[in-house]
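Here the structure of chain A is known, so what remains is to put chain B in place on it, guided by the hints.
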Amino acid sequence: MSTTAETIKYKANDFKSTAEPRWCPGCEDYAILKAVQTAMAQIGRPSNEHAVVSGIGCSSRFPYYMGTYGFHTIHGRPLPIATGLKISNPELAVWVVTGDGDGISIGGNHLMHALRRNADITILLFDNRIYGLTKGQYSPTSEKGKINKTAPYGTIEEPADPTGLAIECGASFVAQISATYVKELVNVLVEAYNHKGTSFVHIYQNCYIYNNGAFDGFTERSIRDDNNIKVEHQKPLVFGEKNNKGLVMGYGKLEIVEFEPENVPDSVIIYDETDLSLVRMISDMKFPEFPVPMGVIKRVKSPTFDDAIHEQIESAKTKFKPDLEKLISSGDTWEVK
Amino acid sequence: MAVEKQLEELEMVTVKFAGDSGDGIQITGDQFGNTTAIAGNDFSTFPDFPSEIRAPLGTTYGVSSYQIQFASKDIYTPGDTPDVLVCFNPAALKVNMGTVNKGGIIVVNEDEFVEKNLKKAGFESNPLDPNDTTLQDFRVHKIPITTLTLKALEDMKDFGHADKLRCKNFLALGVVSWLFQRPLEPIEKFLKKKFGKKPPILEANTRVLHAGYNMCDTMEIFPIMYKIPPAKLEPGTYRNINGALATSYGLLAAAEKIELPIVYAGYPITPASEVLHTLAALKQFDVAAIQTEDEIAAVTMALGASYGGSLGITGSSGPGIALKIEAINLAVMTELPLIIFNFMRSGISTGMPTKTEQGDLAMALFGRPSDSHLIVLAPESASDCFWISIEAVRLATKYMTPVMVLSEGFLINASEPWKLPDLDTIPEMKASFRTDPKDYLPYKRNKDTLARDWVRIGTKGLEHTIGGLEKINETGEISQDPENHDLMTRIRAEKVERVQNDIPDLEVLGDKDADLLLVGWGSSIGSMRASAEVIAKSGKKVAIINLRYLNPFPKNLEEILRSYKKVAVVELNLGQLNMIIRSKFMIDTSFLGRVTGQPISVVEMVDFINNELDLLKEH
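Protein chains in written order, with our numbering: chain A, 13 to 349; chain B, 5 to 623.
If we strip away everything but chain A, and leave its shape as in the complex, we get:
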């Protein structure tokens, strides 16, 4: 299996299956599906070189709609399955589609370990802050106080923060983006694919049926530019509808400053996706006091799990000839005549 790099130009449709998607009308999973197919076309590898592994939940139906290889597995377990697949087929581009329930709740343990192991796979976590497939129970990312089927008096739990979690688990690539930013989503997906190691992409995805408008505070068109910030390596942390706001370093914490769009002050931080202190401060910003960061938040070079496994196998082969006959007759033997 080799990458056909030369002349073939792929289109998003080359990565579509014949199955008709069965998500609810208005579901943002459609937008993500299209974005993944567009990203794959840009990546330029044929459909047989991609495999999409998912767990259980609305988002996990994803592989059925892809013209690539796909494995719709069981609840919470797509990560170890994808890791096993990557170890077995190192050349394959392995994608994981999971959700806030699948990835943070039932599969939370695997997420933590997948991120620290750093196998070369790309994780897309669709976060709609609700259990959709089971019809509207609160999820680990549901905001405190949300009223729903299993919390008729409001949830009493603090929500989990997937991006912060990923950073603290030692992920080598963490991005966060809303499904409503189609172009940026495609870019983030391509960057995530290009990163060697585990890439974690936290995608805000609106559930039209059970949690509509969950992210309106920072994704609704008329107000979104004042409420989220595009982070980009080596670029100043500027946001606002008029590009008139920026983040500066205050006393041990970030502060927002306002300025004339043409005169960005020197004090505005130039973002560094490899600086863990800065990465943590950005991911720790609480909405609505601060804008929600969008883009690649963390990217560092780190050896991958799959490479390390194969390196150890190869190194063992140079030290010890794999001779089964010799192995079996090792130790003390004796002859019976």
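Heads up, a few of these hints could be off.
Below 25 angstroms or equal to it, Euclidean Cα-Cα: the simulated DSS-like pairs (lysine-lysine) are [unchecked claim]:
id : chain 1 : residue 1 : chain 2 : residue 2
1  : A       : Lys-23    : B       : Lys-464
2  : B       : Lys-261   : A       : Lys-331
3  : B       : Lys-161   : A       : Lys-46
4  : B       : Lys-516   : B       : Lys-77
5  : B       : Lys-161   : B       : Lys-198
What the hints contain is simulated information worked out from the structure, not anything from laboratory work.
Just chain B now, with coordinates in the frame of chain A:
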């Protein structure tokens, strides 16, 4: 000058070493087993240890032991009760003295029989006192093992006191080696290999080993020494093997034959970890041995590898297997060749982790949601683990189905002589990956095996999606059609049933023309074979069958069952195989089942057989 000693020849002997779990009992037993092997005896071992790594010193619950039976003839079990017991402390004596044969030899480390230790072990008086009657039925030999060890190492000034004490097991090993006229060279070789880089430890252990041996040669500790002539084993090259090694080597042999890499994923658990340890050190055979974050990750990582086109294997024991069930059902549903080793241990929940049992048969057959069928195999001995591993790989890949191997804690640790196999006799197997995109459908099946095609993920033109949802036969498209689900459920069952055409017929062991047939599986077969010999010596007859294939059963099982007047099932549980045989074939059976954490004793089984034979006579 050496005193003249009597030499007595014996056919078989059982020796047991017992002491604190930190006394080096297992290493002593292993080394004695090794010299026994080299002396040409057939043997079988039973290491038995507490689940505490270093239980408080001198306590009865901290006693670790190693039993070995060796003989000049074929043997099948580690022996019921020891002829010789070597005790390193009073607690070891307290726990084990009840099992020693009357007239048997008990060797004790006299130094440890002080008031504090006696009290800890629960002795009200010192059983070594001349007037004490506790040990009157035995030939007791008091040896100050600790004192002699320190004495032998007196001039090694730079060698610490605690280090010296740690050598005392090798003094005892020297004593027992003399008693049975075993050579010391293999033990010396082992010590050189283990401690070659630590000269003082090598020197000290070698010295006390000889001290123990020479002391017996010189002094009149034992009036008699024993000789067990070599067994008449089939000619060939032999080695000592335990189940963990045999399982691992079998997997390597199968992988080499089928030309696939191994991905073995496991989570640490007693007693399954041994196989993960072994494979982790054999990476040169294209083995990725991975310790995962939990049991579910282990089985799913293995399944991901199977999906990709490698040999995906996982191993665990009761509590871990329970966690893997949902993922095993995904393998059943997606019809992928996953291999699951269940090294069964004793009891529900945590139970008795270091003890053995055969309690997971019903779980293997029925313990998953819905009608879920997979192949179930069981090795009968440590060396049979090699062949069962190979068979698991062959069947899983040919039939595209999970295989569960019901192995046992006892088999993992037990060792026996093993005639090195001719690797050319390993059955042919081939992973025939689909590459042709023409008319490819993910659930189109081979007409004979009903297996769907295995596709190496990445192959051009075969892109498809599989998953846990029910799918239409052949096309693999997801479907909730009622008739289709009924059809698919039946196909999945029939696929496993068709394995019957691919496995050998059962062979009746023991006396074929007996009236009574014993049916067993796994390690119980050892006790059954030994019991059948005892029965035959008494002029009576019993036949045996060994179910290495538990699902599906061999084709001729029913015919054999119906050709005997009486069928009795023997297993280490309260009647799981028994229930299946009764319900499947609607025949009456008798039953012998024990859940003591140990193999069934030959004495108990012989009593059971005699009783069954008497009942038959009355009819």
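Worksheet entry | Numbered hints the structure breaks, given as an ascending list | Structure breaks hint 3 only.
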